[in-house]
Structures are given as structure tokens and as C-alpha cells.
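Protein chains in written order, with the working numbering: chain A, 1019 to 1346; chain B, 64 to 352; chain C, 2 to 327; chain D, 13 to 541.
No lab work stands behind these hints: they were computed from the structure.
Mixed in with the good hints, there may be bad ones.
[Stated by the list, open to error] Only pairs whose alpha carbons sit at most 25 Å apart, straight line, appear in this in silico SDA-like list of lysine to any residue:
(1) D/64 - B/313
(2) B/87 - B/343
(3) B/125 - A/1152
(4) D/146 - D/218
(5) B/87 - A/1152
(6) A/1021 - B/191
(7) D/410 - D/432
[What the hints assert, rightly or not] Chain D stretches covered by chain A per the calculated footprint, using a threshold of three residues with CB under 8 Å from any CB of chain A:
(8) 63-77
(9) 155-168
(10) 222-236
(11) 259-271
(12) 359-367
(13) 427-440
[Stated by the list, open to error] The calculated label-pair distances, taken between Cβ atoms and stated as ranges, are:
(14) D/472 - B/210: 32 to 38 Å
(15) C/158 - A/1110: 25 to 31 Å
(16) C/71 - B/86: 39 to 45 Å
(17) B/110 - A/1188: 37 to 43 Å
C-beta: ideal position from N, C-alpha, C; glycine also.
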Amino acid sequence: MLKFIIKRLLWIIPVLFGVAIIVFTILYFSPGDPALQALGDNASPEAIEAFNKDMGLDGTYFDRLVRLVTGLCKGDLGKSYKTRTPVINELVTKFKVTLHISAYAIILGIILGIFFGIISALYQNSIWDTLSTGVALFGISMPMFWQGLMLILLFSVILNWLPPSGYGTWQQMIMPVVALGVNSSATIMRTTRSSMLEVMRQDYIRTAKAKGQKFSTIVIRHALHNAMIPIITVIGLQLSALLADSIVTEVIFSISGVGRYLVDSMTARDYAAVQGCVILIAFVSAILNLIVDIIYTFIDPRMKTMYESAGVKLNPKKLAKAAEVSNG
Amino acid sequence: MAKKTRDKNQHHSMVGEVWHQFKKNRNAVIGLIVLCIFIIIAVFAPMIAPYGYDDQDAAHTKIAPCREYPFGTDNLGRDVLSRIIHGSRYSLMIGFLAVTISIIAGGILGVLAAFYPKLDNIIMRTMDLFMAIPQMLLAMCIVAALGSSLFNLMLAVGLSSTPQFARVVRASVLSTRGQEYVEAARAIGGSDFNVIVRHIIPNSLAPLIVQATLSMARAIISASALSFLGFGIQAPKPEWGAMLSAGRKYIRQCWWLTVIPGLAIMVVVYALNVVGDGLRDSLDPRLKK
Amino acid sequence: MSEKILDIKDLSIRYVTEEETVLAVNGISFSLDKGESIGLVGETGAGKTTTALGIMGLVPDPPGEITSGTIEFEGENLLEYPEKKMREIRGGKISMIFQDPMTSLNPVMPVGDQIREVVLLHNNVSKAEARSRAEEMLEQVGIPKERYDDYPHQFSGGMKQRVIIAIALACSPELLIADEPTTALDVTIQAQVLQLMKALRTQYQTSMILITHDLGVVAKICNKVAVVYAGQIIESGTLKDIYTNKQHPYTIGLFNSLPDIEHETSELKVIKGLVPDPSNLPKGCKFNPRCPYCTPECCENEVEMTALSDTHSVRCIHVGEFDREA
Amino acid sequence: MKKIIALLLALSMIFALAACTSGGGTEPATDGGESTEGGETAVKDTLTIAHKQDMVDKDPINGSTTNATIKIKANVYETLIERTVPESEMKPLLAESWEWNDDYTELTVHIKSGVKTHNGGDLTAEDCLFSLQKISESSNNSVTEKMDLAKSYAVDDTTFVIVMEETYMPVIANLSYPTAVMFDKEGYEEANGDWNAMDIGTGAFQWGDWVSGDHVTLEKFDEYHVAGMPAISEVNFKVIPEDGNRYIEVETGHADIAYEITGVDIDSAESNPDVVLFREFTNDNSYLSFNQREEIFQDVRVRKALAMAMDLQSAWSVCMDGVGRPPVGLLPDNITDSIAKSDSPWHVDYPMYAYNVEEAKKLLAEAGYPDGFSCRYNTGDNSVRMAYGEFFKNAFEKIGVTVELISLDGATNNQKLKVEHDFDIYTWGIAATNGDIDYANRYFWSKDNTNRNIMGYSDPEMDQLIEDAAREGDPAKRSELNAKVQLKALEDVAIIPIYQQEDVHCYVNGLEGFVNGAYQSPLLKYVHF
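Chain A with its partners taken away, still in its complex shape (with noise of 0.2 Å):
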């Protein structure tokens, strides 16, 4: 198990460098000049010249690459062209606010998604599972950034009940999180009752039956425990789908979080910046799929005996799956 997490963790680091490779070239390409953004227009082309030799931005495509990887290998990420400090500084301070929004929003997704998922199984085609069901393909088919809109319209503008921007209060925290949450829960809610609907089909629940199991312990200690495994999966790329989705709801909402430093970064020309956030996100994203992968064993033994098996590389079912899944 450890040798399958230290396999796990050593792949990051390739995915890494990857990523930074990846996001290098295609912002390498990109028009506007960092300099003209950061020095403003009375920037004479000497201080250009000195700025750009400042902060690395001479030099060819493969000097600047080379440097690149040299960097990341000492963990530097570099320095932000406009604010001229090293980039990890702001990422750490503004990472802990998009972490925390997403936390509390992942918890909501997950008790609502969970709870309407089984219900809606449970009682399938009940009105209930009708109701949450269509509520929940509404919250999939909502543009996140139109419901926050909408939220602000409704509880700021028109109820005057919630601030509707900034972060630190439980006031403040309750839209964004709503926001962001409710469009998880929906997701998780939809693989919850396909996966419950699944599972209570599967023969082991009649046997559990055929002992006198009371019905809520059979859904709880045999169904609930096997449907898992996809909503493990769900909840995942849900953790790595909000930290996109917050790009939006940080927007929206004026929150100093990843997301909108990204933003600002790119239309700043702050390549160093959204390399770092780009890079960050990645980070967030492959622990997060390890953490899921080792919640996993936990849920199902046979996942256990896989990785115990010698030779477990990357999972490419899983990862098939999550391929499917992903933005949902």
C-alpha cells in the first residue's frame, strides 16, 4: 500500500513538469507584452529592457523553458511581473480562501447529493425522485456564474439579507458556497441514485434480505457502502471541478481566491502568475485523485488487493471513467 502511494506521488512529479511545459508554450504564444502591462505607458524602452532581463523574459523559447524547469526544481515558481514578489507568496495566502470556500462547498454537495441521491433511488419514481431529479439536471444545466448572478439579484439586491461580495464572514461565505455547492450537489446526487439504483438491483441485497437485514441497515451497511465507489469517484473530480469553478464564483462574488488571481494574472500578462495557479491546481488535483484513489481501498477491498499487486502504474479504467465524468 505505502509502495502504491509512493509510486503515486513520484508520478506528480512528471505531471508537474508537464503541466508547467504545457501551460509555458501555449502562454509563450500569446500576444501582449508583459512589460507594456506592467510598467504602464510612460515605460521607457530601456526600463523594458531591464525589466524584461528582471524578470526573465529574455532570451529564446528554450532559454526561458530551461529556466522554467531549473526554477521549478527549487520549487520556485517564479516571480509575479506585477507585483515583482515570488509568486508562491500570494498563491499560498489567496490557495487558503479557494480552499476553504471549496471545502465548505464540497461538504454541501456531498450531504445534499448524497441525501437526495438516496432518497431519490430509494423511491424511485416517487415524486420525490421526480422533484430531485429535475432540480438536480437544472443545477447541471445552471451556468454557474448566472446563478450567482441570480443569488446576488435575489438575496443582496432584492432581500438585502447577504452581502454580496468579499470573504471572512459567515455572511459572505454562504453565496459562494451555495453557488458552488449546489452545482456539485447535483452531480453527486445524479451517481448517487444511479449507483444506489444500481447496487439495490444486485443479488447480495436480496441475500442481505433473505437474512431478515432491517431495510435502513441494508441500505446503509450493504447498499450505501458498495455505491461508494463511484461517488468517491464523482466527489473527486468534483474537488478538482470546483477549483475550476471558482475562477467564476471568485469573480462573481469579488473573492481574493486562485481563481481570480488567475484571471487577473492573464489579463494582466502575468504569465508567472498563471503558470503558478495553473501549476497549483494541477498539484491540488493529482492529491486529490490520490487521496480519493487510497479512500478507495478503505470502501473496496478488491481496490486493496489491486494496488498491493505488484506493478500498479496509473489506474487507466479509473482514469477512463473520470475522462467521462469530469465537468459534469
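We have chain A already, so just place chains B, C and D on it with the hints.
This is chains B, C and D only, laid out in the frame that chain A set:
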């Protein structure tokens, strides 16, 4: 020759069966109808819309929905209904073309990976790298690199979901490839290309269609989110996300400028989602086989 | 030997969906004395499993519903039991072994715990006691108790079926229903499992309903046989009645379709046609479309059971009118 | 099953932990929220401001001069000379007085005595010369343009002389420029020039806490050189980029002041008795112009025709939501020497070429484009300019000119406009940023190397006028030269101003002393409740 007709019949009966299953799903049928309505609207937009999408009327700005302007007018005095109608073209086109781009790119990569073990590792590991970046971020970076325009937006959304299609196609081709009739086709000397085109692609279609429908829904949302963040379409094109973004500052006085484009996006995406769900459910028995 | 443990009268179960109504069980009646074992024989889809589920009170509802009949167990009608009381019966007094051992065990629970679960439910014992009982059961079915904490995926099919048998017998039930317990197993394993069941049944003095399509298995284990066709018993009797004095054309067909090693024939005799569509059963004798002796009367009225002896009855109006060996 | 429950519990603990740890950094924001409610009994002395963008850095000389950054820094660092708004007079701030020698080559500055810096030092003439030296070494060194700092010297502790390389009148305005701040030499040297570690200014407020992207707090400087100021003990700038949200913050009592509210919120603010609006025209115009490196736009008739196709009044009413106004001249009338001033002897009405579609068509035909032509129009990503773009697109189509709108993000747009010169029509801003009209004149100077002359306007006569104006010491003669520059730019349709910008802020009723300073930076030292 005889074989061909039988294949055709089989194909026909499969479509029939799927349709039969699909019909039973009331929601999906409604979704399909809604979708068809939007397609019709998009195709005949200039005929249906009461005004042009860029017809400004300085005397009638920011009018709330009323009989003359059912969806109101915006800050430049343009009829929102007409803009929504014209905008359906962009949203549907973006969704459709973005998915087409990812199907083609992902399809080629997936088939190559599945068919040539030597390429498999390179292609799929590269796809892993791309998938480590959330789709939205990737799309943002691509738009930033290409510059914002309608085509670049589609390209960005399409390219960013390519890895997922590559996976689905690869998985589905791998499972199809193991089937006896494909082995048989290879055994009697069919070229790789022939086998891929004649046998594998048609038989891998089912999961691809489902994935495509659902991806189209996602593509529309992603594209509108990018437009909303300002990485999208050029004004005055009435793309819904851009309309929403422009109307955002009037949210207090002119709610219709944000509510209506948002609803339009939601309805189309909802329709696509239920149709996708319906298709998946009706294809399900086959997928399980 | 005369204490009746189970008495089923006129049991009918149907499944109602939007598209069709499936008449799965159409007036089945049979009874079982304590210690007896009966084999329900018939083709797939004849309604055997539904009958068993009916006894367990596990007919999925919806879509299933019991439309008529009584199931008397130890003198009380189970159909009138509330769910809570029924739960006490299930797994305790009546237990069931399911067809497919591969899927009947919860994959994420140690096998020992799955046995312990049933022990805990029906006996007022501590967890530790329940565990030792479960370990004992494992040993009895031939699995070392050290494997208590292993998961189902670490067991072979035959071993899993042994675990299921252990679960079924853990509370020393009065009645054991075994639904095709060996169908999914290899032939060699089949014999072992049958042997085990037979031994345990004797040990626990359990009555048994064995559901199978395999006449050989019935011969090894049961002392009574009921042949089920289209949700009805068409012939029932002791082992001897059925094996040596079969009367119904279907029973005859069934036996004829067995490969006969002694009289080597070039071809198996197969019953023509297919099991009738239970949503669209023929009028009159349900077997009439496939019966070589069918006459117009066969297609008119429902056919009643005719008693040939105390133990042997058959549902055919032409009893004795044709050559049984043909 | 227990395992799962334990696991889920553990997981939620992790999340909760994450939530708690990150929750720690958020308390200051809470304070801001409470302060607005809890201030009834005592006089409220904390201020929460809904601010559009975060400060970029703390460096006042080499750092960012974005509007949002200056709005904060201007309260911490001060200049020798202060430009008043809207009169645009140059007034003493750290300097007590200044005088020129006869040939305008030496400027003697007397600074106020007893000015303390935040790090406890006294501001001396030495410090001021050191500050100017550091400014000249920075990338924003246009402030010290034409100053010969090597020859400049301190007379005594409170007097120093700036020696000029040549006569250059804008130097006074330059000394009021927000990067021309004075600070403590010792403090600078101690911290090795790391501005994030220094607090060496003289402003009414000193640096408090800064959580990037979230908020900046400033604290009262007790030894501020003007007695009794400031009344506020703590200022909290909350960063709220979303336009509508800033006003909502004030309306719902979560902030005392909202900077830069949008036109759409003006009506609500006006009708709300608890909110006071603050409006003041800025000294910049937005303009539309053409790439005059291209042959087609070198023809003044084409530029004139397009100008006449533009109905500026309607455009303003449709696009601006009541903010700002249609331009009153080439430059706003609050700039010294602007001929838009109605009492200026050289005053001309704007627009010089009034809206007239027929005439416009005729001019186009004369220029050889009877059927019009097609071109691109870069609006940038500012929503107002995009709206103007959409409006003018329609207007130009009426005279047969088809326009493709291009709204690129800021950086790409900058690149296209200033570096690649890859555009046909564009909109940008023109202002006398430092308060001296010379700054605006240079938009038409062909030798400009600071990217102000985006349109590529080039006229030797104009160049001469601009250079002469900058060198002219006599105010009256200088005014005349400046007027000629403006008249020529108008006649040549070098640019077409399309609207004048306005500062719109709002604050809660009960707040007093809210005044704007130069560079659109409200001066918080005057604010009290």
C-alpha cells in the same frame, strides 16, 4: 453484397430500437423537441427575429419587457428577443463545432492509440498531462494565446475537451477491437484503415454519441463562461454569455438583461442534457452487452 | 413424519408493468412435512424462483404482487404477517440459498461478518459469541475459520457457495429453500456442494425446497418432486412416482431430454417449442401448444389436478392414454 | 461500515481544519463590517472603503501607478507640491514655497519644517534630494525630466535648489505627480530599498495590514504635519472588483465609501437618503482616432467625414448611463490653458465639425471613397468603450463605412496599438495626467517615445509648437502656444474626443469632508464623521 444489406438492416433495427426506448422517456422527448425548436430558430433567425441583432434605437433604451419588446431592450436600444434569437446561432454553433473539433481530434488520437500500441503510451500519457489541467483553465490559456474571437473560442473549448474524447474513443475502440467480427475482418486481410472505418467506427459510435451530446451541453456552458469572463466573442455579436456579461452591470435596474440570456443558456443546456441522458439510457442495454 | 411444516395453497403471483402483466405463478399448491425435501423442477421461467421468493416474502413489490393463495408455515399464514414479523422468519426459520454465488455475497464485507450478521439478527447473543458461531459455521462448510476476515473476491465460486450455505444454515432454519444452488458451479464442485448440503440437512433436520432444472440433482437429494410448468405444478409425487411412473407429457419430455448413457441413442429427444410467454399464456392446458397429444379439449378449459394415488397427481386430461416411453 | 464513518469523519475534520486555518486570516474584514454598525455611541473613527482593485505594490516611485494603487498610496506618501482639484492650482504640501531664478533654470524649494516621517525621522532637504535621485533612477523618471540632480544642492535643512538642464516649465506639475514623493533617506537605506519592508512616507496614514487581493488597511499617523488630522484612525480598503457590488456594499452598510460606482447605480444612490453621491469631472477625455500611418487616414477629409458621422450627444446618452458628459473640447476645461474653458480667449466650441451625415458622405466621396470602405475598430475591453464602439459601428455604416469591432483584452490591445501599430480605428484616453497641459500636448508630438502618440500623427509644425510651449517661461505666451497646439489638433482631426470621464463615488450619510485630490485620489485625511 448480401452481408452489406444485412449490416444495414441491423443498423436500422438498432436505430429503431434506440428510438423506441428513447420515446418512452417523456423528458427526453420534450428535450428533443425543445432542441429542435432552437435549431429551427437558429436556422431561420433573420426571418423570425422582429429586428436585426444590431439594430439600435437610441429612443428606446432599457425598456422592460412589454408587448412590443417581449424581452425588453438593452442599453443601446436593441431588442433583446431578436438578440436572443440571433444568439441561438452562436451558442448552438459553438456547442456543435467545439464538439466536432474535439470528436475529430480526440477520435483520431483515440483510434491511433487503440490501434498502434507503440503510439498508445505516448498519446495517452500526453492526454493525461492535459487532463491534469482543469478544462476551463486550459480553455482560458488557449484563448489567451490565440486571441479572442468566435472561432478561437470554439477551438479552445474543443481542444480542451479533446483528451476526454480520446479516452472514450480509445476505450470503446479497444473493446470493439476485441470482438470477433473485427478479428475476422483483419484475418481476411482488411487494411487497418479499412477495418477502422468499416467496422470499428460504426460500432464505437454509441458511447461517442452520448458523450458528444453531453459534451455539447458542457461546451455551451464553458464557452459562455469564457465569454462572461471576457475571453470570448467580439461585440456586437449576440452570444448569450457575452450578453449576460454586458447586462451584468444593469442587474439592479434591468434584470431582464441578465435573467433572459441566462435562461436561454439554461434551457438549451437542459434540453441537451435530458436528450443525452435519454440517449444513454436507451443505448444502455447495448452498451452493457 | 406427518407434521406439516409448509402448506401452500393456490398461490398466484404476477408482475405488473406498464407494458404487460406477467403471470409468473398461477395457483401453485404443495405441502411439505417436517424433514422432507421437495424438488421443484422445470424450465427457466416456469415460476419456481418466484414461488420461493413468495415464501420468503421477497417478491419485489412493485412490480410483483401476490394475487391469491395462502402460504402456511407451521400453521400460520405468512402472507398475513407484518413486515417486522416476517423479518424474524427470514434467515431464522426459513432461509434461502440463491442461484449465483458469485454475486450473492456483499463484495465489500468480510465473509465472516456476513455470516455473523444473520446470527446476530436472530439470536440474542453478543458479537463475540456470534463471531465464534460464524467461525464454527465456516468450519462446518469446510472453510478454515482463519479466513473469517477475507473478502468474497478472495474465494472461488464453490467456496462462496459454501459461505452462502453457511449463512443459510447459521440459525438452524426449519426450512431451507435452495434455488439452483449448483447451476453456476463446475461439475466437480457441484458434487461436493450437494454432498455438503445433504449432510448438513440431515444434521440440522431441516426441511428443504430444492429448485432446479436438473433431474439428477433432485434424485440425489429429494424425496418429493413437483414439476412446474408455466407457473403451475403439472405433476407431483414422490421421487419414485415421478421417476418411474411419470404421467404428464411434459414430465415425459423432460426425462427424455436427458442424455441416456445406458441406451445410447443418436439424438436427444427435445421438447418442441419454447416455454410459453408468461404474459400471454395459452388457453386451456398451458402445455397444449407443445404437446404431441394435444386434442381440441385441451385448448378449452383449465385443467385440474387429477390424483393418481395418495402422493401422485397430474394435471392432464389424457392421463394414461398415451405411451410414456415414446 | 464503521471504518467508512470514521473515514468520513476524518475527512470532514480535514476540511474543517482547512476551513479553520484559513478562517484565521479573515478577521480584519469582520472588523470593517462591524464598525459601521457599532459606531452609534462614540464618534466613528474607522473607515471601510469598497475599492475597485487591489494595490499592486507599496513602491511609490518605481511601482505601479494604476488608479487603484495611487488612491491608496496617496494617503501614505506625499509630494512637495499638491495640485488642487478641480481648480488645478499648484499648492504647497510638503514644500512651503518655491521660486524660480530669472531665467527659469534654478528652482528653490523651501520645505515645511517639523515634518515627521512614519519611521520617526524628520524630513530634510537632504531627504528630498535623495528622493528625487531615487526617482530619477526609476522607470517612472519622467518626473525628473530635465532636472540636473548632480548639480542640485541643499542650502540648509529646509531649503534646496533644483538645477535644470534647460528651461522646462512642466517641472512644477511634475513635482506634484504621484510618484514624486518625498521620504526618509535613512529609512530607505536601512531597508535596502525594499519598499514592502519600509514605511518612510509623510502622509496622514501609515501602512497597516495588506492581504493581497482582499484588503489593505491604513492606520492613523499621529505625528502628521498638519495638526488635528486625520480624524480617522483606521482605513480599510476592501477590494471589490465587481462593479455593481461596491455600491451594494455601501447601501447595505458594509462599507462607508464606495469608489468608482457605475452610472447604473447613480439613480439608486440619488434616491437613497442614506447615501451621498460625489461627482467630479476628471481631466481626461476618451477619444477615437485613426491609424494615421495608413494612407487612407492620412487624408484629413476622411477623418473629418468620420467625425461628422458621430453624434456625440446621442452616443453619450446611450452609452454612459449618465456618467461624465460629451466632451467640451479637445481637452477637458479643467486643465490650465485648455481652450475648452469658456473664458479662454482662444475658445472654440466643440465639436468643431458638427454631426452631419450628408456632409460626411460628401467629404468621403471627395476623398475618393463614394461607396465607403471597411476597416477594423479596436475598442479594448472596457465596457463603456465597447458600447461606444457598437454605437459608432452603426453610425459609420450610415456613411458606408463598415466596421469590424475588435475588443481585445488590455494586454493584447496594448500590443496591437502601441507596439505593432496593427489597427485602423481605436479608442483611448487623453489627459494632462500630471496637471500640466504639456503632458497632453505630447499625444501629438511625433518624437514621443512614451506611446502616447498611438495614432501616429506627425506634423513638423505641431512638433515645434509643442516644444516651444514646454520651454516658454512666460505664462501668457505659453498659453498662446498651448492654444495653437489644441486648435491645430482640432482642425486636423488628429483625434476625436468622444466623452469626458467623471469620478463617481458615494458614501454614507453622516460622513463629512470627502474631497477629491489630484489623480482621482480622494484625500482621506479630511474625512470625519
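Are any of the numbered hints broken by this structure? If so, which, sorted upward? Violated: hints 3, 7, 9, 12, 15 and 17.
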